[in-house]
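Use the sequences and the hints to build the structure in full.
Number of protein chains: 2
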Amino acid sequence: MKIISSPRLLQKEIIRLKKKGKVIGFVPTMGYFHEGHLSLIRRAREDCDIVVVSIFVNPLQFGPKEDLKGYPRNIKKDISLCRNYADILFCPNVKAMYPDDFLTEVKVGRLGDILCGVSRPGHFKGVSTVVNKLFNIVLPDKAYFGQKDAQQAAIIKKMACDLNMPVEIQVLPIVREYDGLAMSSRNVYLSYTERKEAVVLYKSLILAKDLIKDGVVDCAKVIARMRSYILKTKSAKIDYIRIIEPKTLVAIKKIKREALVLLAVFIGKTRLIDNILIKR
Amino acid sequence: MKIISSPRLLQKEIIRLKKKGKVIGFVPTMGYFHEGHLSLIRRAREDCDIVVVSIFVNPLQFGPKEDLKGYPRNIKKDISLCRNYADILFCPNVKAMYPDDFLTEVKVGRLGDILCGVSRPGHFKGVSTVVNKLFNIVLPDKAYFGQKDAQQAAIIKKMACDLNMPVEIQVLPIVREYDGLAMSSRNVYLSYTERKEAVVLYKSLILAKDLIKDGVVDCAKVIARMRSYILKTKSAKIDYIRIIEPKTLVAIKKIKREALVLLAVFIGKTRLIDNILIKR
Numbered sequence: 000m001k002i003i004s005s006p007r008l009l010q011k012e013i014i015r016l017k018k019k020g021k022v023i024g025f026v027p028t029m030g031y032f033h034e035g036h037l038s039l040i041r042r043a044r045e046d047c048d049i050v051v052v053s054i055f056v057n058p059l060q061f062g063p064k065e066d067l068k069g070y071p072r073n074i075k076k077d078i079s080l081c082r083n084y085a086d087i088l089f090c091p092n093v094k095a096m097y098p099d100d101f102l103t104e105v106k107v108g109r110l111g112d113i114l115c116g117v118s119r120p121g122h123f124k125g126v127s128t129v130v131n132k133l134f135n136i137v138l139p140d141k142a143y144f145g146q147k148d149a150q151q152a153a154i155i156k157k158m159a160c161d162l163n164m165p166v167e168i169q170v171l172p173i174v175r176e177y178d179g180l181a182m183s184s185r186n187v188y189l190s191y192t193e194r195k196e197a198v199v200l201y202k203s204l205i206l207a208k209d210l211i212k213d214g215v216v217d218c219a220k221v222i223a224r225m226r227s228y229i230l231k232t233k234s235a236k237i238d239y240i241r242i243i244e245p246k247t248l249v250a251i252k253k254i255k256r257e258a259l260v261l262l263a264v265f266i267g268k269t270r271l272i273d274n275i276l277i278k279r
Numbered sequence: 000m001k002i003i004s005s006p007r008l009l010q011k012e013i014i015r016l017k018k019k020g021k022v023i024g025f026v027p028t029m030g031y032f033h034e035g036h037l038s039l040i041r042r043a044r045e046d047c048d049i050v051v052v053s054i055f056v057n058p059l060q061f062g063p064k065e066d067l068k069g070y071p072r073n074i075k076k077d078i079s080l081c082r083n084y085a086d087i088l089f090c091p092n093v094k095a096m097y098p099d100d101f102l103t104e105v106k107v108g109r110l111g112d113i114l115c116g117v118s119r120p121g122h123f124k125g126v127s128t129v130v131n132k133l134f135n136i137v138l139p140d141k142a143y144f145g146q147k148d149a150q151q152a153a154i155i156k157k158m159a160c161d162l163n164m165p166v167e168i169q170v171l172p173i174v175r176e177y178d179g180l181a182m183s184s185r186n187v188y189l190s191y192t193e194r195k196e197a198v199v200l201y202k203s204l205i206l207a208k209d210l211i212k213d214g215v216v217d218c219a220k221v222i223a224r225m226r227s228y229i230l231k232t233k234s235a236k237i238d239y240i241r242i243i244e245p246k247t248l249v250a251i252k253k254i255k256r257e258a259l260v261l262l263a264v265f266i267g268k269t270r271l272i273d274n275i276l277i278k279r
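Line by line, the protein sequences are chains Z and P. With numbering that gives the first Met the number 0, letter number 238 in the first sequence gets 237, and the count goes up by one each step, no holes. With numbering that gives the first Met the number 0, letter number 35 in the second sequence gets 34, and the count goes up by one each step, no holes.
Don't take each hint at face value.
The list cannot tell twin chains apart, which means a pair is met if one copy fits it or any two copies do.
[What the hints assert, rightly or not] Once the Cα atoms are required to be at most 27 Å apart in a straight line, the calculated BS3-like pairs of lysine-lysine come out as:
hint, residue 1, residue 2
1, 156, 220
2, 268, 1
3, 208, 141
4, 220, 246
5, 141, 278
6, 94, 246
7, 231, 68
8, 195, 21
9, 202, 64
10, 236, 1
11, 21, 11
Since the hints were made in silico from the structure, they are not lab data. Source: prediction; values computed, not measured.
As C-alpha cells, then:
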C-alpha cells in the first residue's frame, strides 16, 4: 500500500492507472476505522482493480462548536487495518486541500438544509465540497459510502448525478455492534453507562419496523411511539425523528412502499444518528 | 464531426477515447459563433487530438429580466463554421442538463458577487455550475475560454483549481472588429448608430493604457478620465469601470506591475463588456 499526501501526485498516478484500463474504487473516510469502514474497503477490493482509501478529517463539515479538534484519530492503527485491502492510502493535510485563498463551494440545494442540516448548518455543504474535490483527485469509477449516514449518501448521489460526475455511488448497509448500536467513530465519546443506553436508537427503529409490519402506516403515530420509547432513557435527548422518502428525503405521512425511518439523538453530550429502510 | 446531444453518450465516448490515450480539448460556448469562438476552436485543434465544442444557451446564467429568449442562435451556421475543426459538437437540450429535480450549485465565493456579478446576480453561479457539469461530461485535458469575459475566465480557473479538476484552462486574447470593438454575440443587438458608438469601450481602454504608459499610476485618476471620455457618447451609460489585480479580481489603487482595466457599459439597451491587461 502506497501512502500519498499530495493531491496532485495522487491525481497523476490515477490518470496513469486509468490509461492502463484499471477500474478505480474509492472509499473516502475521516479515519478511526471500525468494521463499517472496513466493510466498504473490502467491497471495493472485490469490485475494483485499484482501491484508494482516503483519510481526511474535513474541517469544512464541522461547525464552530463541534468536535473537530477532539475527533478521534489513530492513523497508525488505520494503516494496519487497511493495508491488506487498499492499494493507495490518501492522507492530505488541511492546507493541501484548502489553501488560504480557497473559495469554491458545492451545495446540493435544500437536501443539506433539512434533517441533520438543521442542527448542523453548513455541514453538508462541507461534505459535498470535500467529496467533489476527492472525486476529482481520485477519479473513481466506483465510490463507497455507508448507509448509516443516509442523508450524506443521498446528497453525494444527487451531487454526482446533477454534476454528471462519471462515478457510480455504492451505499452499503449499516454495520452494528453485538447489541445493535450502529458503528460510529463517535461511539468512543460514550461513557460506560451511555454506551449501554445508546442502543435505544436501534431499539426504537426496530419498534418502528414492528409497528409498520403490524399495519401502523400513519407516520405521526409511529414517530410518537418511538419518541415516548426513547424518552424512557434518561440520558437521551431527541434531536429529530423523521420518516421520509429515501431518495428525495421528503417527509411522508402514510407509509406505502418504501420509507426511511431516521433519527438523531443526543446520548449525554454525544449526538448519534441511525436509520432503517422499510419496504412493505 | 459527430453531433451528440446526450450527456451520457458523450461522456461514454470520451471515456473510450481517453483510454486510447487521446488528449481532449474543449471549447464550451453559447453558439452564434464569431471569430472569437473560432480562435478558441482553432487553438484547441492545434493543441489536442480530439476537439469537443459545446453549444448550450445556459438558462441558469440569465437573470429573470435578461435576454435568454432573445439570445441570438444559428445552429446551422455554427455547424458549418466549426465542422472542419471540431470532432464532436455537443448540443444538449435544457432538460438533459437540468432535469426537474436538479438541485446542485457550484459557487466560487465572492468572485461571482463583484463586478458583473453586481448587476447580474446569480450569473456566475450559473456559469460555474454549467461549466462544472460540462467538464465532467467532456473530461477535457484542456479547455479554452476568451479573455473578453475576464471575470468568467478567472472564476473558471479558480473553480477548476479549488475543486482539483484535472483540466488546464487556457485563456486566449480578445478578438476585435476592424475598429476595435470586442467581438460578442450580443453585438447583433446594436443599431447602426449604436454599433458605431460602441467603439467607445475600446477607445476608453486605449486611453487608460496611454495614461498609464505616460506615468499616471493612480487608478482613481485613470478611471475618472475614462468616465468623462465615455460620457461624451450619448448612448453610453456606464455600469462600472474598475482596475483590478487579474487573478484575485481585487481592486487596486496604484498600478505597479500588472493590472486589468475592465468595464461594462450600456450602449442603448445592450450591455457590453471589454478589458485590457496592462503590464508595466
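Unmet hints by their number, sorted upward, for this structure = Violated: hints 1, 2, 3, 7, 8, 9 and 10.
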